[in-house]
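Input sequences plus hints: build the corresponding full structure.
Okay, here's what each chain looks like letter by letter:
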Amino acid sequence: MSGTALDPKTAPTFPMAAKTAMGDTQLRKNVRHATDVIQAKRARVVGEMPDWQELREAGKQVRQHTMENLDFYLEEFEANCTRAGGVVHWARDAEEARRIIVELVKASGSEEVIKIKSMTTEEIQLNSALEAAGIHPFETDLAELIIQLGQDRPSHIVVPALHKNRHEIRAIFQREMNLPELGDQPHDLADAARMFLREKFLRVKTGVSGANFLIAETGGVCIVESEGNGRMCLTLPETLIMVAGIDKVIPRYQDLEVLLQLLPRSATGERMNPYTSIWTGVDAADGPRVFHVVLMDNARTEILADEEARQTLNCIRCAACQNACPVYRQTGGHAYGSVYAGPIGAILTPQLQEMHYAQSLPYASSLCGACYEVCPVKINIPEVLIHLRNKVVKQNTAGVAGFFDVEAGAMKAMAMIFRSERRFRAAQRMGRVAESPLVGKDGWIGWLPGLLGGWTQVRDLQEMPKETFRDWWERRGKNGN
Amino acid sequence: MFPETGKAVVRVLERLGHTVEFPAGQTCCGQMHYNTGYQAEAMPLLERFVAQFKGAEAVVVPSSSCVAMMRDHYPKMALALKDRELQGQVNELLPKVFEFSEFLTKGLGLEDVGAYYPHRVTYHASCHGLRNLLLGDGPVRLLKAVRGIDLVELEGVEQCCGFGGTFAVKNADVSGAMLADKTTAVLKTKAEACTACDNSCLMHIQGALHRQKTGVRTVHLAEILAGEEGVQQ
Ligand code: SF4
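Residue numbers (my numbering), protein chains in the order written: chain A, 689 to 1169; chain B, 41 to 273.
No lab work stands behind these hints: they were computed from the structure. It should be emphasised that the depicted structure is a prediction, and the values quoted were computed from it without experimental measurement. We put the beta carbon where it would ideally sit given N, CA and C, even for glycine. One or more of the hints may lead you astray.
Think about it this way: if two alpha-carbon atoms lie no more than 27 Å apart in a straight line, the pair counts; the simulated DSSO-like pairs of lysine-lysine are [as the list claims (entries may be wrong)]:
hint, chain 1, residue 1, chain 2, residue 2
1, A, Lys717, A, Lys729
2, A, Lys1154, B, Lys253
3, B, Lys146, B, Lys116
4, A, Lys1079, B, Lys146
Computed, partial: chain A to chain B, Cβ under 8 Å [what the hints assert, rightly or not]:
hint, residue
5, Ala1103
6, Leu1149
7, Trp1161
Stretches of chain A that chain B covers, calculated by requiring three or more beta carbons in the stretch to come under 8 Å of a beta carbon on chain B [unchecked claim]:
hint, segment
8, 705-713
9, 1007-1018
10, 1051-1058
11, 1137-1148
This is the structure in structure tokens:
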């Protein structure tokens, strides 16, 4: 894997990237094993909740209400965070967010930053912007550290190095930390990471983080994590810079009651994650003395404006949909060409690109609905996928070029046929004539041309029936039975 | 495409004493168009469906994904067309639309429909039946009541077979890999036939089972329930 960032603007289409990814049998094994383990844990802790469906509904209501009043809650957050000593910045897009953060780091006087795992910083490719400005970012989340040291790319929003097994991780640590004797037991790897990171925690004066929830009512911020490294980054540096999408806000402190039951269970299959940090502004006696929050739009307002796709923003980034997705489980995350992979990636990524890129992602789904079933805030992902497909089709068939589009032509022709009984009957007869050169002796088709060739890669197709149901029905009526 | 399923539905329903009608003007529910992004093309098919079936006491559809299409999308489509009358007709008609197994278990409250099918069979839970229609164990209860059947549970029974309509051709490699998982599980059961409530999944699974020359068949649930003692199957 190369170190180039996942960028939907330059990524190959999903079917192409998936083909490459599926050639990597080790990766597929790792992804399947890891998602199996998390799914089993999730199923266990969700199963013990008698009110899980009510909780999901409550989570959906909280998020939906927030999105309907997003401007109000954002301003409330800004006011309360400012009152508590935080400094709030607004960024229209990724570029502006990067610029603000780079300037803030420079102003802090540090040439290094320690980072908490944050998919938002991945979304805006912050690390390369920091490096270009001469600032060295150290990832402190174990999985992100593995990605950074291995010059790899994240493939999962909760466990970014999910595609690596521990033997591969050991090899990276041996090489990058200069530890040729390192063992491959989980505690060996954790020890090595701890030694490597401790020194950074104590030395580096500036921290960069994302956020799980911004609490409008108090101006507080909530971060959930498993390792405690996040809390180090939140408490030890003098300056803390946080970047969050504007979708991360929630109205009240009390809403955490619902969301913090849903998130850990869905994300890691834990009743409660080991570390939950909630803090408000700055405190002279403890923690960072300077606290910045960069609230970033980056196409979220456009998503908000699309009534049918708005629910995309309800996402709390638990990755349950990724673990459950049969497509993701075959391909892993890199095939999506975006830091947001799997079902949530298939709907979020093209929308973050305002539908200019990643148009193949809404089609990267069999619409099986496993994502919707597990989503803790009940985002109807299949419904949004279909809505986005409709947008893609409209884009592609607008203008003259669309006239020649083979798929659109076939779809229109079929729609014509289905609109008339006479044409439908004729098509059934014609179908048998048209397919006849392709039908083998046993009544099966083993090769199809053009767009349909995908079918016969691994499947045969049975010939059309000699007598349709309709013919049988009419014959039966005539014979009196 | 699958005349045997239609015939089987007629046989089962008539055996249970119902009168079956087949409006000759019916064609397609529009699912493929709608789900691929051609929503405008699906609209006239909604109107056609309503015109063909309004007035029926119950509409029985032997395909879970078609029923899911109607339930999940027809009301929205009618709203989008801004046609008040059509909206009313859709709202009136939809509660009468049943997936075949659902009609038997929920509509008629039956499990034993007097079927006989002396074969080893495994059941695949089609996604739309499972997650959109919430068929639950209805189909399995129907199968368990069949005399002579040897029903074996399928590993990963709730995993998608990878069909997904145009997904199977647009993402042929991923779809093929999902299908391979499914056929591996089917072969493990040593069943003679794999059944489901949806012929699209079965056509997909059968395509690979035939390609691999496994000799294992797929058969729609209705065809099993239509089986009778003394009749060759
Ligand atoms: S879409 Fe739902 S399941 Fe997927 S990451 Fe977001 S909250 Fe979790």
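Hints violated by the structure (listed by number, smallest first): Number 4 - this is the single hint that the structure violates.
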